[in-house]
Each structure stands twice: as structure tokens, then as C-alpha cells.
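Sequence order for the protein chains is A and B. The opening position of the first sequence corresponds to residue 1 in full-length UniProt numbering, with each subsequent residue numbered one higher. The opening position of the second sequence corresponds to residue 1 in full-length UniProt numbering, with each subsequent residue numbered one higher.
No lab work stands behind these hints: they were computed from the structure. Just so it is clear, the structure is predicted and the values come from calculations on it, not from any experiment. Be aware that one or more of the hints could be misleading.
Pairs count within a copy or across copies, as identical chains cannot be separated in the list.
[Unchecked claim] List of simulated lysine to aspartate or glutamate pairs, DMTMM-like, C-alpha gap at most 20 Å:
id : residue 1 : residue 2
1  : LYS213    : ASP183
2  : LYS248    : GLU108
3  : LYS281    : GLU703
4  : LYS592    : ASP558
5  : LYS712    : GLU257
6  : LYS248    : GLU538
7  : LYS213    : GLU108
8  : LYS213    : GLU227
9  : LYS539    : GLU285
10 : LYS213    : GLU249
11 : LYS477    : GLU364
12 : LYS694    : GLU266
13 : LYS712    : ASP353
14 : LYS213    : GLU651
15 : LYS467    : GLU703
16 : LYS684    : GLU435
2 protein chains.
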Amino acid sequence: MKRPRLLLLVIATLCLAALPASAGEQTDGPARYVNPWIGTGGHGHVFLGANVPFGFVQLGPTQTHSGWDWCSGYHYSGRMLRGFSHLHLSGTGIGDLGDVTFLPVADEEQDSTAFSHDDETVRPGYYAIRLQKPEVKVELTATARAGFHRYTYAPGAKRLMKIDLRHGIGWDALSSSSLRQVDGRTIEGCRLSTGWAKNQQVYFTAVFSSAVKLLSCNDNIYTIQVEDDGKPLLVKLGLSAVGTANAKENLEHEIPEWNFGAVAREATRLWNQELGKISIKTRNEALRRTFYTALYHTMVAPSVFCDVNGDYRGADGKTHQGNFTNYTTFSLWDTYRAAMPLMTLIHPGMMNDVGETFLHIYHEQGKLPVWHLVGNETDCMIGNPGIIVLADLVLKGFVSDKEAAFQAMKASALKDERGLGALKQYGYVPFDKDEERETVAKTLEYAIADAGIAKVARLLGHEEDYKYFLDRSQSYKKLFDPRDGFMKGRDSEGRFRTPFNPFHAVHRQDDYTEGNAWQYTWLVPHNVHGLVGLFKNEKAFTQKLDSLFLAQGTLGEDASPDISGLIGQYAHGNEPSHHIIYMYNYVGQPWKAARLLRQTLATMYHDDADGLSGNEDVGQMSAWYILSALGLYQVDPADGVFVFGSPLVDEAELQVGGGKTFRIVSHNNNERNMYIQQVRLNGKPYPKSYIGYKDIFHGGTLEFTMGSKPSKFGTSVKNRP
Amino acid sequence: MKRPRLLLLVIATLCLAALPASAGEQTDGPARYVNPWIGTGGHGHVFLGANVPFGFVQLGPTQTHSGWDWCSGYHYSGRMLRGFSHLHLSGTGIGDLGDVTFLPVADEEQDSTAFSHDDETVRPGYYAIRLQKPEVKVELTATARAGFHRYTYAPGAKRLMKIDLRHGIGWDALSSSSLRQVDGRTIEGCRLSTGWAKNQQVYFTAVFSSAVKLLSCNDNIYTIQVEDDGKPLLVKLGLSAVGTANAKENLEHEIPEWNFGAVAREATRLWNQELGKISIKTRNEALRRTFYTALYHTMVAPSVFCDVNGDYRGADGKTHQGNFTNYTTFSLWDTYRAAMPLMTLIHPGMMNDVGETFLHIYHEQGKLPVWHLVGNETDCMIGNPGIIVLADLVLKGFVSDKEAAFQAMKASALKDERGLGALKQYGYVPFDKDEERETVAKTLEYAIADAGIAKVARLLGHEEDYKYFLDRSQSYKKLFDPRDGFMKGRDSEGRFRTPFNPFHAVHRQDDYTEGNAWQYTWLVPHNVHGLVGLFKNEKAFTQKLDSLFLAQGTLGEDASPDISGLIGQYAHGNEPSHHIIYMYNYVGQPWKAARLLRQTLATMYHDDADGLSGNEDVGQMSAWYILSALGLYQVDPADGVFVFGSPLVDEAELQVGGGKTFRIVSHNNNERNMYIQQVRLNGKPYPKSYIGYKDIFHGGTLEFTMGSKPSKFGTSVKNRP
């Protein structure tokens, strides 16, 4: 009986072929260079679907699969969808969200649908797929707080819609759901869940273009019968973390009409606007796609987390009324390193609100955010990255109430939780008190945060606090074992961890965090010269740094999967390594950095589904690419000094706010000419191998002249960062 | 603003008063003597609502309260209902069920309703209540597998119905629910939950007399809009543990029409039929109500647990097809003592199916039931009471495949779980191996079961098994400490527990089960003479027994709440004491029993909501009352010997099956004349203080002549049991 089925399939395909073409046409702007598939394979874990820059809503397909590679709900290898969900994470190592999932079904038993990538069309702000059962073309677009669906059914196709409020992604577990029919075309409901975010509340109001009838609810999966009026079915769905009335207001404000094409075009326009913050020149088309896709990935989060009326759900679980734009999804352990510094360059208009969000979180939960997800403190990863980000914002001139910011930083740093109590007592986090794991990583991360507070204290004239936190920012020195030149765990009596193996790593159970001693020994971005000083001499430091990229050893079976993208023991696939290559500038050997940067840019990023060497980490992996491709990197995450690397693009123009632009030109640049020969800033020779944030922020032109051989540029002591 | 509200209330009351009177009229049969409120207060924990004898469905009110006194979902002290649920337990010490709850509401926010007992009308098979918000009279009746609701709304009252699939009672926790609209007047769904019963599956099909529309689902609570056609709303709901199609078939088979009054009358007729199995004569109306209510309470469970087509859900969680009536809710640790023996007297027609159920459970779970709840083995309480019940059935001539029954008993007794492994190794359950708790209770309970197996082995000619289990049935002797005459915990080296306090009890943590050494020392119902032999002499035993009813001591703060109904240390409120008074017959002092029995009957049972001295325990507490009021009690739960007590009723006629009757007449009986002077069986003098099951089962007349003073009756050694 196979032939009749094949025949039916052919007819089905013909029917679908007869459906109208996709609404939003291809764009002219930089959005056309985005390849949304990059990072959907391998272990990139990126979101695929329709959203607007920094939008609350990420409307896209969610697959039936589970496991580490489905943290965003979608992986290139998957072949079954459970529907189209309104919230997704992008690039995390833990799965959550995946809320409010629509699936057009042919009968009530159907709970998923097979699909092929051939039937998918994706670009920033727009996702489309042709399904066979029922025969329907699904198109999705979004605004910041609402999703817009268009279902173009083949004639006679059954119009049943399942709304799955039961399933989430990864750690997500339903607490309760609700759905009610408000009128003939409107439903509203909520989905409360616990997971990575302990208390996630999603409220929604959905309006259909045809009459609907609630048929059934099966374990929090609702089936709706949609009237067949012969037209494509449109569904507009507003979301809110506060309540259904707010969801309705968000929807009415953001999608007042029924013009799907217009909303899709507006989403693309918003992407072009934000992606246009950096325009580049390059002859390499793959590079262009990799670059703009990376830039696109840096703008999925932080996500707007307040309603159009200013209401938002605070870290205390309560509803607050704000006169600022509240944000969420702060993967700060990752993003303090490059993603947030990049934002200060091209999204300065957002940064006051980011700072305001941090201060409100501080008031709501008693400390600055660590890893914030849909308004919840997850305390994920370690350290106090929120302090670092806020310090950087203050030092760069953002945040109106700098004193309040300082007090929030100080209070957060003086708590007794997560090893801070032991740090205060012993001057480092010993591995035999309170905290017994990741004590090296914690000591080093806290030192970076303390350096940030110290700088802000100095700026505001808090002399005593400056001294206290400056002293604490040096605590990394206590973990350095001069006998072999590694950062090591130390007990409360001061004894270094034995036995010791610099290669060995046990995920979240040893003295490091997703890394080993080889990788963590360099984690002093706030005081590179201090680190150099721990070695016998600069040469010893440099030799050790050289050996990092050559060292071969076994991580062991229990090592973190995050330790990826290895060059020797340098692990580009995870964040603690991200600043290391640029350390060569601090010892006058920028050419060594140039070679390694070009190697990393060329081998760790590709115009391909498997194009990322590790988790995207909510924009950090891509932000490293953007900055490095521009030839810049902020090694100290809280001081505004961007160190030169080796620019990959021939020319770049950054919209740095207030109508000003900062141009970067790389003369004589090509694959071989990777070494900076000389630099000019605003036409004048510029001998330093770094540039301050203010010089970029005020606009201007930075010109690199490249060559195929290392030069003297940046070698003299006075020109090093 | 209080006056307008009061005025509204008056109007509301007038409107309700205008509603039609209750459908099922008062009955002529014994059902009219049932006071369903008995045991709804205090700690009786009985079910209140509409059901038929041994029906799967118990349709009645469920209150919003939680806690130990709401194991049935309803307690006399409660004032708020969350609705009318279809399944309830009666008299347990753990809460579960409470599935599929209907609540007429005035708006979608309403989730409960205040009520007054003044507005309730209850009799066997029928429950009615008048509610104020919305103004509606709710009437409920039931068949074995279906519930029938009638809602008579005041004119203009809003017709919204909430169907709560979220909440259960006590330990019940929802796993998932489902509800779908099948057509304009039909819904179907399921509720899967875990709790005391690990895997409870409830499927239902409900048909409404008016058009309905599914409006919303809020966290597994569904709101239905019912069309107002000006008539009372009828809802018929079929249940099944197998599936919705079976639920539909059950409904169509049991309630094919829409005649609520006829179904309610049929429910009452069934109760009259079953309650009529015992007709009594007494001038004491309170006694009559107490008696028939007790009889009513012995017929809530076991409950039918199969569909009209024979399908049932087995102990393996799978669907089976049976050619017998499968039962569930076997509170065997309680009911093996009196409730099941009573059933063998008045429900002989059910007992083959009970035996068949046991054998199927054995095949499905590898052992006979311990405490079976909606098809789940809960392993609640201790021992192997299922063996005792099955042995009694076999010995009384039930169960066609006696060899299969024997093999099931033997296999269940030879398992290694729950202390049986240690019992096999040490000859008792020591408190320092495998099992460390309740080891005295376990040893004693297993000995009772082993005595049952030994008798069946002897009956079937299994000589070796007979010897083995007879030997094991004597294991109680190993725990008797002759130094002070108490049963005590013993370690594997044979050392008795020290320090020792015969009064002290720690709930489920010490050597006993809901009891202390005073209460457990007598738990040898299968070998009373063996127990007597452990004492220095019969006098020593009798003195000890006398002192039980006088001993005063402190149980301690952590004692079980089940140790209630105390006379000295005799605890009538819990089962291990139930046979003790009758032990006087074994030492020729039945007059002592008579006095204590009359005291217990008079003080532990009342025609009052607080009329039970402890948990009803699924019929056991009431069955003790029935048998004792008849003057009979089966001390050894597996031998069919009923020991005489002190009959309370003047005359009783038992329908013992096959059209035969067994009459018990108490001449000259009154409150003072509590002592048996002489006995005649079928007109002939009968000197023995006990009677065999066969003498009852074959029908006949037993005449007691009572007097106000102890007599010589039953004193001589040859006439004792």
C-alpha cells in the first residue's frame, strides 16, 4: 500500500507549492547577511526563530528532543517539532523557557510534526516553515512583547490548534497553567513554571482572526478548533510576566492591526537598524555573514522585561512600576567579558536602563545580579559579575546615581554567601571552609569585581573603600604557586592543593570552574602587570604564556564539556580564556597575539550550523568575534581600555551614539598581513597598542596599517597597555 | 452598608425556599435508620455522600480543609466546600482520592462555597444541599460506576460549572489531567494522580442535560458554561479506571435514562436490600440508628473495581479482562479482624469474587494484597492480612481453586520483604536486622497469617507446609518475656529490648504498630491457649488481662493518635485490641467479657457525628459493633469460630445466603441483663460459649437467655472455645 501514500505526498507538495509566497521579502540591509543557522548545530545552542533586538519574545520552533544540545529548544540535528514557542534562550548551557507553544494539528492525538530544513525560511525577525500534517505554511514574526503567527492552510486542511502550556525546555517544570476563552476570537492564560528560573510567570492574551472554540485540555495541552473561513489564520499573542491585562495591553500597543507583512517588515527594519550600528567592508562574503550573524547573536539578550505601561516583575517576585526599561537574561559570568563592553560601544542608549535594572534588582534581592533569568536570580556560575558590569558602566559615565551604584556594589561584595565570607576572613577562598569547590575560580573572579569597586570608590572619593577593595583585588596573588607558576587551591592553613595536575579538570567539583589550572592561571584581566610580577621575570611569564598554546595533556573523563575550542590548553570555547591572547600586548609582543587571534577567528567561527566552538553563551562568544574582528578587546572588563589585536575587516564604521561614528580602517589588510605596522588616530600617528573608551565614544577614525611581518609597534614599555 | 446585604440574603433564602422539594422521598426500609453523620465528626473520618453498597463511586461533598480529620474530604467541623467529588475513602487514617470535583459557581473566580449543615439532606444513596452562590439546590445520587447530579437553579442564577481535576485529598497529587468536549452536551477526560495510591487513573465521561461550552482551564480546573434552558441541570458521569470508552459504557449501562428520581430510589433500594441482610428488634431507637449506620459503614468498601464489560486495571498497572467482579479498597490490617468475617456471614455471594480478586492481585504483583487502594498495593501497615482473609475464605468453603489460593498464601509468606526474611532466619523479626521498627507487631501479625496457612495446608494435605507454618505461627512465644509478662522487641542475639516501658509508644518508630506492650501482648488470636500457657498459670493470665482494663500510664508525646478509645490500656479506637475482651471466654470467664463489651458498646459508639472512638477504618470499627451487638465475634480471624459475647439487640435475623436465615434471640435482654444464663441452638440446649461458621451459614436459631448476674454458662473447660 505504499504507492497511494506516495501519490498523496506528491499532491500535498503541489498544494503547498500553490500557497502564496512568504510575506516579508528579503531585505536590503545588513540583516540579509545573517545566517541564523550558525550555532544551531554543534554546541552553539543558539535560538532560531523570529524576534526583535533585545525583545522579550523569541517566537520560534521548539523540537521534541531533550538534552544538552537542546538548551534553546532547537538543534540542527532534530527532525521533530513540538510546535512554536514564544520564549527561548540563546546559547546557554542549561535549558529553560520554551513557553506557550502552538502546534497546528490534523487531529487531537497529534503532538508533534516532522519537518525538513528544506521547508524552513529564516531571517532576523521572520521564521517560516511548510508542514505536511496538516498542510499549512506557518509564518512567525514578533515585536518586543508579542508574537504574530500566520497559518496559510491548504484547502480542506483541518484547522485544529494545540496550545501546549505543559512542556518547557530543559530544567523547566510546569507549576500550573491556565487558559480561558474570553470571547469568540480571544483566549488568555498563564503558565507558571519552575526550573532554572525558580519562579517564572508567563501571562498571555491571544487573538485569532477566525472564531475559535476551546475543545479540550489534556494535561495542560489545550486544543482549539479554529473556524475555516477560507482565509489564512492570523494569531496575535501578547505576553507579560505581570498579568493577562498587561499582556493584552502589550499586544494592543505593539500589534494593533492585522497586517502580518507590516509587522514582519518592521521586525526586519529593527534588525537592520541595530545591525547597522556596525557597517563593515570586506571582500570575504563568509566573513561578512559570520560577522553579522555574530552581531545578531549579541542582540538576542539582554531582553526587555517590562510591559508597555512600565510594570515589571521584580527579583522579589512582586510587580513593580518602573520609569525605565527593565531588562532580563543576564548571563553575566559570560557577558561581562566582551558582550557588555561591546554594548557600551554600540548601544550606549540602552546602558542607563541596564544600570537602572541592576540597581532595582539590588533593591529587590539585596545584591546585584549574578545570573538573572526572567527576573529570577539563579546564582548560576560564580563570582560577582554584576559588580564588574556596573563598575564598567559607572566608569564609562553611565548610571546617573553613581553613589547608589557604588553602595550596591559594596554591599554585594560584602555579603557572606558563595565564599565571600571566607574571602573576607582568609583573604582568599580556601578549599576547606564554607565553600569547598571552585575556590580558585571564585577567588579570581571576586578579585576582578573588587578591582571594579576600587576604581569606582576612587572615582567617588571613598578613600577607605578604595584601599579595602584594591587590597582584595590582589587576592589572586595568594593562590599563585611560584614553584611551578600555576594558580592553585589553598586550604585555610595556606597549604596548596596536592596532588596537583594542571591539566586535570572535574566539572564543577574541583578548584576551578569549567577549566583547569592552565586556563585559570591567567584570570587576572584587571591587573595583568601584577600577574606578570608574580613570575620570576617578564620572560618567564611570556614563556609560560607561549606554552599555554602548545601544552598537551589529558583533562580527564570528568572535565566540563565547556572546555572546548582548544589551542594547546587555551580554551576558546569557554569564557575564562577570552582575554588571554591579548595579554601579549602587556609584555610588548602584540605580534604573538595577532597570529593567535587570526588563528582563533579563522578556526573557531564558521559560516555554518556548526560554526561556533562552544556555547554561544548569550552573546559572549559572538561579541569576542565582533571586537576581535574590529581589532579591539577590553581586557580589563571595568576600565574602558580596549587593547589592539589584529583587525579582520578592511573597514568598519561604528555608530557610537549621539550621531557620532567611530571608523576603523585597516590598510593593506589581508590574510597574511596580520601584523599591525603603525596606527593613526584621527589622522595622527598613534603609538599605543590600546585605546580608551572615551576616544571611541567621542567618534573619530582609527587607522591600522597592516603588514606580513611583526613590527616594532606596541613593543616599547611606554606604549603597552 | 450591612443592611442591603442582609436584605439580599433574605431574598435569596426565599427564592431557594421556592425551589422544588427533594426528589427521592424518605424510605421505608432500614436505610431510614442510617444516620450518615455518625463518624463525620471526631476522628471517625467517614465518607458523607451518595453511593451504593460496595460501589466504585462515592459522590459527595469535599471540603476545602486539609489535615488528618479530612481523610474522607469531609469533617463535621468544616464550613467550606470545594465541590462534589466522585471518589472518597471512608474511615482511613491517610487521605487520598477526592477525584473529579464539580462546583457550581457564580463567576470564574469562585473556587469554593460556604455551607451550613442545616441546608444538607443525606441518606444512603442520596445527598442534597442548598447553596447560596449561585442559588442552586444540588442533589447527588450514584450507581456502582456512575454519579448523577441534579442542579435546580433559582431563576436567573448563573450556570457556570467548575470541574476540578487538580485537587485531590490528603496525599493525592495530580500527575496529569485531561478534559475534552466530545459534543455539545458531552465531555470526557481523565485524572492521573499519585499519592497513597502511587498510580491512580480515573477516566470519566459526563453528559449534561443542557448544552455546555468549555470556557477555560485554570491549573487543571475547568470552567464550563451551561446553557440556561429554564430546567434543572442534570449531569450523568460515568467513571472507569481503564479508559474513557469504558467510562462511557459504564454510564450508558447503569444510567441509560435521565430520571434522577428513579436512580436515587434505586440507590436507596439497594441500600435497603443490603442493610436488610440483618433485621433487628430493639426498643432503643438510638441503638437502632447506631446499628444500621454501622452496618452501612461496613458496605462502603471493598469497592467494585471493574467496568461493566469486565475490564479492570490490575495491580501491575495494566488493563485486564476478568470474568469476575474485581474489588479494591482493602484495608486489610483493619478489616481481617471483624469486617471480613462479617462479610462471610451476610455477603457470602460476594466472597468468591473477593477471593478471585486476591488471586489476581497475587498474579499481578507477586504477593497477596496488604493494603490495596484503587488497584495499587500501598503496603500500608504491616503483616500479611491478605493471607489471613484468604485462609478464612478457603476454610469457610469459598474460593474454587483452593490449591491456587494455598500457593499464593505460601509464596506471599515466604518472600524476603518487610521483615519476612529476618523472620525466616531468626524465627521472629529482631529489631537489629533488616527491619528495625514495629518488629513485635510484625512478628505477631505474621504468626496469625502463618496459622491461617497452616490450617489451609492441613486441609489440602500439605503435611510439610503444615508443620512449617504451624511452627512459624508459634513465633510469638519468642517475644514473650516471662519475667514481666509482656511481648517485647528482641535483637538478633535474643536480648529483650531495654529500657522497657509497657506504656510508652512512639508512632511507627518503636517495636509496636500504633500501640504499646500493654496492647500488643494479647495479639495471639489464633492461639489464645498458647498465649495463656506462656503465663505461670491461667490465673496469672487472667489477672494480667484484668489489669489491662485498669492500667494507667503515660503513652508519651509521640504516641500514635490511633491509640484511642481507652479503657485502662485497652484501646478500642484501634484494631489490635478488638479481640481482647473476648479472650475471657477462653479462660471460662465470659461474664467479665460481657461487662466490658456492654461498656464498650455503650461508650465507644454513639448516634452522633462524634459517635466513633477512632477512625472507622473502612468498616472494621463498625463491624466490631455489629458482631458484638449480635453477641458474636470471630476471635481467630481464620477458623470460623464465633465466640459469644453479650447480645445487645433483642432479636436479629441474618440473611446468610441461599434464602437461609440465622436468627438470634436474646430473651430477657436489657441493660442490666447482660450476662448469658443459657443458650439454645435450634431449640436444643447449647452449652458452648462459641459457635462455628457452618452452624450459622446453614441457618437456624440461636437463643440466649440473659440475666443480671454472671452464670455458670461457658465456664467449664470443655465448653470454652
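Quick rundown of the hints versus the structure:
For the identical chains of this complex, LYS213 and ASP183 are neighbours both inside a copy (9 Å) and across copies (12 Å), given an alpha-carbon limit of 20 Å. Taking the shortest Cα distances, LYS248 and GLU108 sit within 20 Å of each other only across copies (19 Å), while inside one copy they are farther apart (28 Å). When the C-alpha separation of LYS281 and GLU703 is checked against a cutoff of 20 Å, the pair qualifies only within one copy, where the shortest distance is 14 Å, while the shortest distance between copies is 114 Å. With identical chains, the CA atoms of LYS592 and ASP558 are never at most 20 Å apart, being 32 Å at best within one copy and 74 Å at best between copies.
Taking CA atoms no more than 20 Å apart as the test, LYS712 paired with GLU257 passes in neither setting, with 62 Å inside one copy and 100 Å between copies. With identical chains, the CA atoms of LYS248 and GLU538 are never at most 20 Å apart, being 62 Å at best within one copy and 85 Å at best between copies. With identical chains, the CA atoms of LYS213 and GLU108 are at most 20 Å apart both within one copy (14 Å) and between copies (18 Å). For a Cα distance limit of 20 Å, the shortest separation of LYS213 from GLU227 qualifies both inside one copy, at 8 Å, and across copies, at 16 Å.
Within a single copy, LYS539 and GLU285 get their C-alpha atoms no closer than 40 Å, and across copies no closer than 107 Å, so neither meets the 20 Å cut-off. Within a single copy, LYS213 and GLU249 get their C-alpha atoms no closer than 23 Å, and across copies no closer than 27 Å, so neither meets the 20 Å cut-off. Proximity of LYS477 and GLU364 under a CA criterion of 20 Å is satisfied in neither setting, with 34 Å inside one chain copy and 67 Å between copies. In this assembly of identical chains, LYS694 and GLU266 lie within 20 Å of each other by CA distance neither inside one copy nor across copies; the values are 33 Å within and 90 Å between.
Taking the closest pair of Cα atoms, LYS712 and ASP353 never come within 20 Å of each other, the shortest separation being 43 Å inside a single copy and 98 Å across copies. Within a single copy, LYS213 and GLU651 get their C-alpha atoms no closer than 57 Å, and across copies no closer than 64 Å, so neither meets the 20 Å cut-off. In this assembly of identical chains, LYS467 and GLU703 lie within 20 Å of each other by CA distance neither inside one copy nor across copies; the values are 39 Å within and 103 Å between. Proximity of LYS684 and GLU435 under a CA criterion of 20 Å is satisfied in neither setting, with 52 Å inside one chain copy and 87 Å between copies.
Violated hints for the displayed structure, listed by number in ascending order: 4, 5, 6, 9, 10, 11, 12, 13, 14, 15, 16.
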